Each structure stands twice: as structure tokens, then as C-alpha cells.
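The task is simple: from the sequences and hints, build the whole structure.
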Amino acid sequence: MLERLKRRLELTDSSRDALLEDLLEDALSAALAYTGRSELPAALEGAVCELAAASFHLLGLEGVSAHAEGSVSESVDGLPPRVRAVLDMYRVGRVM
Numbered sequence: 083m084l085e086r087l088k089r090r091l092e093l094t095d096s097s098r099d100a101l102l103e104d105l106l107e108d109a110l111s112a113a114l115a116y117t118g119r120s121e122l123p124a125a126l127e128g129a130v131c132e133l134a135a136a137s138f139h140l141l142g143l144e145g146v147s148a149h150a151e152g153s154v155s156e157s158v159d160g161l162p163p164r165v166r167a168v169l170d171m172y173r174v175g176r177v178m
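Going by our numbering, the first residue of the sequence shown is number 83, and it counts up by one from there.
I should point out that these hints are in silico values taken from the structure, not numbers from a laboratory. Computed from a prediction, not measured in an experiment: that's the story for all the values here. Accuracy of the hints is not assured; some may be wrong.
To be verified - Simulated restraints, written as ranges between beta carbons of each label pair:
(1) P163 - L114: 17 to 25 angstroms
(2) R173 - D95: 34 to 42 angstroms
(3) R86 - M171: 16 to 24 angstroms
(4) L93 - M178: 41 to 49 angstroms
Glycine is no exception: its CB is placed at the ideal position from the N, C-alpha and C atoms.
Encoded structure:
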């Protein structure tokens, strides 16, 4: 998944590989916790990669809910809606 993430981020060298591995590990943990699974279905690898890429782009903005530079304003969400939609399909139901 590391090479896939590097292609998505358009990174060609290996200077940030350790950081990217950490982001992938965190994204995997988040996806497993959100879905309630202990193993990641192969169909969710893309969602994990996308979540890691989103985390990469948000580095330095931890704890911020909105960011503005000049006339450009962005809101910062924890889980991108597209990733949430994919993960929702693989959530394990629980009986209470």
C-alpha cells in the first residue's frame, strides 16, 4: 500500500516513507475500529490509502476545524464523506 500512497501523493523519493507507513498504520487502525472488524477486507485497501492521503494533507492542522488563507477557506473533517460511505458498507452490526 505504501507505493500506492506515494503515487497518489506524487512522491518519488523515499525520504518520507517512515511517515507514510505511520499514516497507513493509523488509517488501517481507524478503518478497523470504525467497521468493527479485526481484519481488513481487500476491498477497503483503497479507502485506507485515501484516508492516509487525507491525513498527509492535514499534517500541521491537528485540532483545527477550519482553515483559511487569503480568500480560500476550508473546513477540516475527520473522515472524508467518500471514505465514510465506503467504510459504512463494511461495518459489522452489533446487537445490544
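Problem set entry | 34 to 42 angstroms as the expected CB spacing between D95 and R173, which holds or is violated | This hint holds: roughly 37 angstroms between Cβ atoms.
For this session: Given the hint of 41 to 49 angstroms, check if L93 and M178 actually sit that far apart at their C-beta atoms.
Result: holds, 44 angstroms
Exercise. In this structure, is the beta-carbon distance linking R86 and M171 contained in 16 to 24 angstroms?
Worked result: holds, 20 angstroms
Problem set entry | Assessment of proposed distance window 17 to 25 angstroms (beta carbons of P163, L114) | Distance hint for P163, L114 holds at roughly 20 angstroms.
In summary, the structure agrees with every hint in the numbered list given earlier.
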